[in-house]
Every structure is written in structure tokens, then in C-alpha cells.
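Enquirer: Listed here are the chains, written in short residue letters.
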Amino acid sequence: MLEIKNLRVSYGQDVILNGIDLELGSGETLAIVGESGTGKTTLGLSIMRLVEGTVRGTIRFNGKDLLALSDNEMQQIRWSQIAMAFQNANNVLNPVYTVLNQIMEPMVEHGLKSKKEARDRAAELLRYFGFPGDRFSAYPHQLSGGEQQKVLLAMAMANDPELLILDEPLSSLDAAARVQVGELLKEIDKHGTKLVATHDLDTASKLADRIAVLYGGKIIEVGPTRDVLSRPRHPYTRALIRAYPNMTTVKDLQGIKGRMARPVSGCPFHPRCTQAIDICRTKIPKLVCNQGRHIACHRGGIITLLSTKNLTKSFGSLKAVDSVDLHIEAGETLALVGQTGSGKTTLAKTIMGLYQPTEGDVYFEGAKVGNRGRDFYKRVQMVFQNPGESLSHRLSVLETVMEPLDIQGIGTKEERENKAIQVLGEVELPQTGDFLNKYPHQLSGGEMQRVAIARALALDPVLLIADEPTAFLDASIQAKILKLLLNLQEQRGLSMLYITHDIAAARKVSDRIAIMLDGRVIEEGPSNEIITAPKQGYTRNLLKAASALRSTGSSGVGQQTLKPPIDEGAL
Amino acid sequence: MHIDLKREIRESGPGKTGLIILLLMITVALAAPILAPYDPYQQSTASLLSPSWSHWLGTNQVGQDIWSRLVFGARTSLLVGFGVGILSTLLSTVFGVSAALLGGLYEKVVMRIVDAFIVIPMVIIVILISAYIRPGILTLILLLSLLSWQGGARIMRAQALSLKERGHVAAAKSFGANHFYLAWRHIVPDLGPILLVEFIYGVRRAVFMEAGLAFLGISDPTVVSWGMMMRDALSFSYLNVWQWWLVPTGVALSLIIIGLTFVGHAAEPVIEPRLRGVGIA
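So the sequences go chain by chain: E and A. Each residue of the first sequence is one higher than the one before, starting from 1 at the first, in this note's numbering. Each residue of the second sequence is one higher than the one before, starting from 572 at the first, in this note's numbering.
A portion of the hints provided could be inaccurate.
[What the hints assert, rightly or not] Computed list of lysine to aspartate or glutamate pairs in EDC-like fashion (alpha-carbon distance at most 16 Å, straight line):
1) A:LYS735 / E:GLU399
2) E:LYS349 / A:GLU736
3) E:LYS319 / E:ASP474
4) E:LYS419 / E:GLU389
5) E:LYS286 / E:ASP518
[To be verified] Cβ pair distances, simulated, as ranges:
6) E:ASN371 / A:THR710: 38 to 46 Å
7) E:ASN310 / A:VAL690: 45 to 53 Å
8) A:THR710 / E:HIS393: 17 to 25 Å
9) A:ASP686 / E:GLY370: 48 to 56 Å
Because the hints were derived from the structure by calculation, they are not lab data. Remember, predicted model here, so these are calculated numbers, not experimental data. In this text, a Cβ means the ideal position worked out from N, Cα and C, and glycines have one as well.
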């Protein structure tokens, strides 16, 4: 019904939309999702032809190219066939009109209804949105923000438009009202076609069948709502979901590094993307269909960084690691949870090549890892369990952090020193000469582990294997180290294999959890699913045994299984 | 974690004594040309003289000044001792550490060679070979070193095997370090104290062997050696020359051995800290 081809909108030099291609079928709801400033509203306004800048491309609505229509012809369509509910309620409502009159206006103006009919329709809509009769004659300034929003929605829907454009329809509503209005919108307009522009993933998940993610004036990912939200394939989409507070995700919130910059050559997201390669800087990726999902990414979306196939490590007759298949995507954290002796560390060391696998293979960026040379270790690094052990007592802090660089022979001595000092800063350690010359036994446990992390980061790895990095630390230091790891992930796009026996900690830092028992991975899935709906009895026991600060009883996973009051979203 | 070898030796009474004896001996050896009034090889017509102001310890059967020969003999003894100590410790370290790090067939071959040498009594072999080739100082050092590194190599390998499992070695490996780097930067530094104890016992063994071989008369006869002096003195045991010929030489040799034993014993807790507090009787 609506077909947008290569739509470009610019204000002077600023290109706001840069080649948008979209299709919207009849009766479908599509959410346009993105941060503020990505051009969501501009897209809606362009369809309404209310945009002030230069618009090029085609917008076909029921076969007619809206951009080619005369102003008069457009006037006929606007508000009657295509209507838009604006975002900024305060500016849009006429301060001297009562609520009822506001809603009647478009109907009367287009001559579609008599005044009486219009009044009835307006009253009906208002009642629908839960306005009591005595509020019909209120003026905009007497309404709350939420009520104003409802009025705007009612106005847009007054003429039963074929296409309804909703710009942040639920943003100014509180949680309870959102559910209500969201339901109403779906119900009133069951067969209507809607385009919802929002930065709010919850709104998108409540209203839309499909989601299109907009970034820097380009659509970067399109797919069915549930799929996109539960399994984002573009790095930006994942980052957006990670930044969004919701009741389903168990991992801590993470921002997206940097700020949106314009204009950008190549892929609009590349300055903030953590898996960008050379081509991303020069060439704009095309939106292509890949396994039921449209993705604009030169790398085909989030890449799989490391995987193991049937990896087995035996010590004599003991299978410490037994046919393990795992994969780690770029920029994600996979938590490997299991009790002591379940083979977690052996698995990590086998991946690192410190043990030779008895069977099976490790793949890095799709290629089988044979003899691990310096190239491999430059990309994959490990933080060992006990920092007191893994730091040589003969090396000072500076020498320790420089060691990987020395071994790899990177840069001059001065460059190596600077790099070491820089990563020490990244892990929030002092960079003073005094500290640099300290030896491990002069450091606290937390400091030692930070030094160990800094050392692992000195080579700028893309994958960090962290083996119980907080096992020897108290809770407050542990919290700091975990935050640090999350920040590093945000800033560097670091992928992590986080090994722990503590499922409570794992849940806070991981995107996915794999449960290990007796050398086997018995269960693996998105963290929230493992936490809320574990399939294996062993996992349930782990959850039961996990620390929980409850005052009474020990009702197992009680806290986690309690349904949050609003749990409509697919998030 | 830190084992302070210097403190270990300083705090032990015998250790201190041993160190003083050793330093004294080394000084004597270094200052030999000053301390010795005569060339040790220079012959005078007067043989078998009793001590006098011109010949403090008299002269031997060919009229050489015994005091001068005693002083220069310290050089031979210490040179052979330290030479063998250094070389055999080096060989022990190289073979022991490389066997531990490389493993596999190489390790098996090296360790079997070590076993073989340990079973064969070294003294017999040395005597047999020496009797045949009459080794000079350098050859003797080489010979003794080649025959005495095996025991040390076993200890080095055992230590390196345990050090190899340390976290910081695994960490260095995970930065892409090669075997040489691991050995040089992470394993050998931690072997330090053990190396020193091995070295001291190596020296002691070599001093003893050198004197023994010379005493048996199967070393280079042109080199001044305490062992040879004692052998010569013994052949004149019917005279009273043993008082200034045999006794001072024997005391000098004993002092060096005792000094080395004391230092070595004091340093031993480094290898086995449980020995700490067990004094020398």
C-alpha cells in the first residue's frame, strides 16, 4: 500500500534521510525505531508532505506518487487518507479550542462529516480513550501530557485514515496508560495500516508487526518485531536493545559508544560500530535480505567470532571437556556457568591452546584454528582466575602490562610504555610513576586483577576469556570489575567468554548463558530464558542455590518467576 | 614468595664462616703473584729445605718454594672448581629446562641420558679417562663438567615442570611467547637460588676431583696442584717435611671444601625451606 523508494530528505547541507526503501502492506503496522535525531519524524512528515527540506525519491501510496502530487491533491489525501499524530502535543493543539472541537476540526474541514456527525465521532473517540464526558470541553492547557497525547491520537484517527502515522504515540504516557492506549490503538484500528515512529522499543513491541531500525538516515535492519527484539542481527539494533531498560533482559544496561555523527561516509554506524572493517568506512552497505531479515551491513550483521565444534579434552580416562559446541558472537558476553570441576577452566585453556584438545576444533572468525601463533593471541586474550598467580612477582606493574607487547614486538619501547599506561587508565588504575613501579605483592587483590585485565587488553583483543575474574574479590570490588568489563564491552565491542560458578553474577553481565556440568554443556540460551525458564533440573538447582537477598523462606527462583506487572513486550 | 639468598647465608653462623673462608681463598688466588716470593716452577739447588726466612715453608724435592706453590695451587683448585661449577650448572639448566618445556621425545631422550650417567660411578670414569689423556686445566674442566651436569639437570627439570604450571607462565604463553622467552624471562629467574646451590656443590665436587686426580698422578704434571703436592710430600714421609709440606696443603684443601660446604648448607633452605633451623652439627 505504501512503497517508499530511495527517499532522500535534506535541509540545506544536512542530509536527514539518505535513501530509504520501505514497503508497508495493507493492515500492517511497522515501527520505525531509532535514537533521537535519526530522522524518524522526518520520515513521517515526508509522507505527509509536511517536511520543509528538499525531498527526493518516490513515496507511492495506493499507486500514486505522493511527491508528484500538486499541493491541492495532497490536501485531499492528507488527514483523510493519511493522518499523523504528532509527537509534541503542546505545540500542535490549538490552545483556544476545546478538546471536542480539536477533534472535530479535521472532519469538518475535509467536509467528510456534518458537524453533528463529527461531534458524535469525536465524543466516541474520546470515550474510547477513556475521557470522562465532563472533560470534553476542557482546553489543552487543562490537560495532562497523557491526556493531550490521547487527544492527538483521537484527532489523527477521526477520519478513519487508511494510513496512520504515529510519532511517539505512547512516549508521554505512564506505564499503565501505555498498556491501555496501546491496546486501544490496536483495537480501534484493527485493520488499519500504521507507521509508528518511536525510540521506545516497548511501544514498538506493543504495536508493531514489523520493526525497521533507522540509523543516520538509513534503514539498517528490518524484520518481524519478535525476531528483531529477541535476536537482533545488526550491531546497532543489539546496542539499542541493550540500552533499553526492560523487565525481560537480565543483563545490566549498556550504552552505545560515541555519539551519532553526520555526515559520515560509508556505513552511517561505522564510527560507533565495534566490528567495522575498512569497507565500512568507504561504502554504504545495501539493505539485503538474509535469512528472513533485511540487514544493511557489510559483514552480514553481527558476526560469529569464535566457535567450538565437538571440543573434547580428556586427561586419561577423565573427560574434563566433553563434546562442547559453543559460539560467541562479536560484542556479546557468553557466560559459562557451572560448579567447580565442571570443566570450565579446561575448556577456556583448550580454546587458548594451553591444552591440546583430544578431539574437536576451535574456529575463529569462521576459520579453523590450528597452531596458535601470535596472530591468534593478539585477538584472543585470557584473564586468569588468580591474579596473584598469573602476575609474575618479578615484574613491576608497567613491565607486566607491557609484557604482551614486548612478546609480540609491537612498536618501540616508548610506544609500548604509552600503550601500557593508556590501558591502565582504561581499567581505572593510577598512571603515576609510583604505581607503575609497584610489584604485585604491593597491590590489593582488586588492583592485581585490574592489572591482569589491563595486561590482557594491551594487545587490543576482540575476545576476552575471563576465568572467574572476581573469584578472589569481595562483593564491592567484584561489582566494580564487572562494571568495568561491561564498559569495556561497550567501548571496545569486546566479546567475552565469562566463566563463573555464580549464576547471579553471570545474569548481570551476559547476553547468553551456557550451563556446564561434568564437562558437557547441558543448556544454553539467552540469559533471560535460562534465568526465568530453565529447562534442566540442574539449572533450576543452580538458580535455587544462587544468592538472593530474601527475608523469608527459600522459595527457589520465586523472585525471578514473578511476572512483572507489564510483560506484554517481546523483549 | 621472595627467597633472600643473601639473608639466608648471612643469618647462618657456619654460612658466614664459609663465606669468609671462600673470600680469603679467592683473594689468595688472585693475589698469588704478590704473595708468592718465588716462581712456583723455579728450581733452586737446595731441595728439601726446612722453613726459613727465605723459604717460609721450605722447598720440595726439586728445590721449588713450597709456599709459592701452595699459593699458586689455590689458583688451579679454584679455577677448575668455578669453571666446572659454571659450566655444569649451565648444562644442567639448559638440558633440564629445555626438557621440561619441550617435552615429548626430546625430554625422554635427555632424561634417559641423565639416568644412564647417574648410574655409572663418575669417579671411575674420570680416573680412566684422565689416566689416558692426562688432561690440562681446560680439558679437565670440560671433562668434569660433561660428567657432572646430569644430577643438576634432573633437579632443574623437576623445578621447571612445576614452574611451568604457574599462572604467569601460562599468561606469557597466552601472549604468544616462545619457549626461549618463557625459559629466559619466567623460569630461569625463579630457578636462581637453586642454580646457586647447584653451583656451589658443583664447585666443591670439582675441587675435590681435581685434587684427587692430581694426587693419583694422572693429571697434567706441569700444573701446580695441591693434590700433586700432597702426593710428592707423602713420598718423603720418612722425613719430617710433612710438617710444612703435607699439613699446610691438606689444610688449604680442607678449608676450601669446608668453606663451600658451609655456604652450600646455609643456602640449602632455599631449595627446601623445611631445613631451616637445622644447623650444622
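Enquirer: Does each hint fit the structure? Answer for all of them.
Expert: Results of checking the hints against the structure:
| no. | hint | result |
| --- | --- | --- |
| 1 | A:LYS735 / E:GLU399 | violated, 20 Å |
| 2 | E:LYS349 / A:GLU736 | holds, 12 Å |
| 3 | E:LYS319 / E:ASP474 | violated, 33 Å |
| 4 | E:LYS419 / E:GLU389 | violated, 24 Å |
| 5 | E:LYS286 / E:ASP518 | violated, 46 Å |
| 6 | E:ASN371 / A:THR710: 38 to 46 Å | holds, 44 Å |
| 7 | E:ASN310 / A:VAL690: 45 to 53 Å | holds, 47 Å |
| 8 | A:THR710 / E:HIS393: 17 to 25 Å | violated, 42 Å |
| 9 | A:ASP686 / E:GLY370: 48 to 56 Å | violated, 35 Å |
Comparing the model with each numbered hint stated earlier shows that hints 1, 3, 4, 5, 8 and 9 do not hold.
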